[in-house]
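This is what each chain is made of:
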Amino acid sequence: MSFRRIRTLIKNEIFYGPKDIVLVMSLVIPVLLALFFNLAFGNIFNDRAALGLLDKGDSEMTTILQSSGSISLKEYYSEEDLKAAASDGSIDMGIILPMSFDDMIQSGNAEIRAYTWGESLIKHRVMIGTIVNDAVHEMSGSILPVNIEMIALGDVSEVPWNDRLLPLVVLTAIFFGGMMLPAASLINEKNKHTLEALSVSPATIGEIFTAKGTIGAILALVMGVLTLAISGQFHSSILSLILVMGLGSVMASQLGLIAGAYIKDMNTLFALWKFGGLLLFGPAVVYMFPQIPQWIGYIFPTFYVIKPVVDLTINGLGFDAIILELLILIAIVAAIMVGVNRIVSRLSNQALRLS
Amino acid sequence: MNSRIIKALLKKDVSLFLSNRFYFLITIVGLILYIAIYFLMPSEVNEELNLAVYENENTGVFSQITGEEGINIEYFSDKEVLRQAVMDGDYHVGISLPDNIIAIWQAGEKPDITLYYSSSTPTEIRDAMVALISEIAYIQTGQSINYNISQEVLGTDMAGAQLSLRERMRPLLAVVILLMEILTLASLISVEIEQGTARALFVTPMRTSDLFMAKGILGVGLAMAQAILFLLLANGFDHQPLIILTTLLLGSMLVVGIGFLLASLSRDVMAVTGWGMLIFIILLIPGFGNVMPGLLSDWAKVIPSYFLTDTISRVVNYGAGWSDVGINLAILAGLTAVVIFAGMAALRRRYQ
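Chains as they are written, first to last, in the numbering used here: chain V, 1 to 355; chain P, 356 to 707.
Each statement offered as a hint is correct.
Beta-carbon label-pair distances, calculated as ranges:
(1) K56(V) x S499(P): 21 to 31 Å
(2) S499(P) x F289(V): 41 to 51 Å
(3) T552(P) x I296(V): 47 to 57 Å
(4) M337(V) x S398(P): 47 to 57 Å
(5) G118(V) x G676(P): 11 to 21 Å
(6) F592(P) x K56(V): 47 to 57 Å
(7) S519(P) x G276(V): 32 to 42 Å
(8) E507(P) x G108(V): 20 to 30 Å
(9) D653(P) x I242(V): 27 to 37 Å
(10) I296(V) x F379(P): 36 to 46 Å
(11) A462(P) x I292(V): 48 to 58 Å
(12) V285(V) x A391(P): 16 to 26 Å
Here chain V is said to cover these stretches of chain P; the calculated rule only asks that three of the stretch's residues, wherever they fall, bring their Cβ under 8 Å from a Cβ of chain V:
(13) 465 to 471
(14) 491 to 499
(15) 629 to 642
These aren't lab readings, by the way, just hints derived from the structure by calculation.
All C-beta atoms in this analysis are idealised placements derived from N, C-alpha and C, irrespective of residue type, glycine included.
Next up, chain P with everything else stripped away, as it sits in the complex:
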């Protein structure tokens, strides 16, 4: 391999990348957009049910659940203020207790409780609040339930320390940034093939290995630099930065391999964009499993990007170490090697 030739090829590719306005723009605008999406996502999890309760006197009806984990109760002495607070979205629901509620129960009658909700309150919350009020009424009238529930928490109990949507999206966005470079790299190669410059290069002292090395460095550099920048801004290097860097490097190499394959199989830039989008969407699927746990079945492990997304998620969000993600990294390295070699073989044939 000749480093001087590789340097010259890299210079040419960078100028080609900068001159292609479409891919240059989607790289820059895309990066800004993904960073913006990350910061626009909620950074906190609302784990509590917020109830506003109006009572004219201290009845103690809600005393059983006051202070209970997951339920936040605020008492109001003015019904209008309560209604306004519910309308403003400060509370999921407002509950208005009638005067002498305890006396009504003691007399064996049914008191009328009013439940105020904003039209934006989800139906499931409203229904759950009805069940909660019913439950309290049963307790107040001495109708306790005769059953026990024994609970086992599976995995780390993250009650009170839940991952926010922003944190859940972090691995997905990092992988999106990496994968976008499949399109950039494949289209750069495709343009060269279409315009015949690739064939022209082969009449120079350049060897095929120099060409692959230059393309590989460009692809890895473009993908990795952006992903690193994003994760730096998104606090993705707070824990085990070396694992993250290794994962990003393997991910970038996987991207280069797929880019080679895509370029060798596509007829022109339009085809690169079309088929590239399809590949991009398929590779994105495992990332959605991080955003919505339980969404994906085991079949998602067939998609190579699963091991990339899963590793980033486990390290960044759950503090995993080398021993936890070692197998993932080994599989990712193996897959990357296969894809890279397949890509180079296919591209070599295309150049010829």
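One chain only, chain V, in its complex shape:
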């Protein structure tokens, strides 16, 4: 196998390969899904009041409000920006802390100016008022005259929907582009008989497959990372995440190459995607509905991609916790690689008569 020829094939595929619906969908669908789920379940349906803060001095209140979990705090550095944000609904209320605000609180003569967005909900205004009052009490050194015990009722193991949907988003990102792109590319070459043309060049079937698989895997990895970043989950265990998603991307492109080698047209590829999607996205369904026995997930090969991703992101676990799944994933990738190699050698032996 020649690295130089593979590089040339990759370059040709990128610059002269088909830029059709599959490529557009590979790029657009995962981003759209991630954005939609984050907007829908992260913002539209959340009940967090948005407070804008302009601290003209260096008040302790800023630190207290930053640590508050019941509001979204956005800091501003000019009154115009704060006012504009309260006008267009970026924040429910914007408050301005004057210079030496902390001293004013101690002397009992403090004044806060606030801009309220006309369309903000009353409960958000109440919540912000309560949180600001609480922060002022904390600053003034008041001792809380009550013990509050919090008791959860009902099913306490409820998982937020944006966490439940993360596996679906990540699997779509990795497997749609990773699988469909090499498959579509091979089918396209077969339909246009350009693969036969390549056979008279020094490039081997193995090199052609490697080039197409590499592009699919890279695209899948990039889209996987992008969707995790959009979902706000790409901040810790980055190397472990890249390793797992990299292996998942290789698995996706291997499956794409197998599909591309056997399928003759795009309609059949889409039909396979519809049926195969059930097998690929099985673990996502298991994660979505915790009522389904979780052991069912272990049946699906993609489970060994998504479980480590969920463990590293949502569950906040480290590399140690994913070693077993990672080893199984490596074994699966190696097994599929054997299958791809057999197809490549069979096709090579058939004098490259693919169509």
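Fit chain P to the known structure of chain V by using the hints.
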């Protein structure tokens, strides 16, 4: 222009549209789906924090906030009934006050207050309720806060009359319905080019202007009829119907122009679908700004559909008049003219 030829072309295009099952289905099913989405969205805004309070005696602890705007308090004399009501989701949280709470405070001690919440209660509400209870405790123990807050409400104060999610989504859905026709029109033209029927038409007495007029009428008709139907069902014509009709007409013409451009730049129907989806998504972005105010920055105004969505939103949801949306309409008309002419020029070259 020959009206007889245009009529014949329209007849042909309508039958082509009806015979293309995919686009015919996505038009009908899509319309039904968007109407269903509209009616499935919440029609009311829950502006209040609902608290259930258990107390064995009338302590008056919550009297300061009882009746306050934004807080709804219901008192319970049975703790189990309160717990069940919280579990059923009737209240955001339940607060159980101990017996003799006032006496405990008077003795300088800390009473134990229990806060019940359902697992579906958002964390931010739970945390805010803790802050609220703390606040009440400070007040009860005479630890008042030494600061004033002076508030200015920006824009119309809509407290108590907030737009529901359904109302916020109305402009977005109307624009989605319009924009879907980009795909339909572009694919109809693309099929004609692919199959060679477009070239065949040019050997007839038909002129290019007849062809563009027929396609334009079809595109505007398809897009506008659906958008009107949707807005009729969604009470979108309750205020300033003439502005809405004008906006929809301009929007439909914009859709036709983009459809022409897309068809002229795409190789086949697959490419129309792929690139059309991308254009569709980009044009949809301003609509999300109506659903989530403050989401978009000023850059969204670069997207032509911004002026379409913004006009519909301001008229339908905020009762704007001609003077409020005049500039928007002028910009939209200008953009539409540019896109239509660009589309016709590009398509003319493609036909040739």
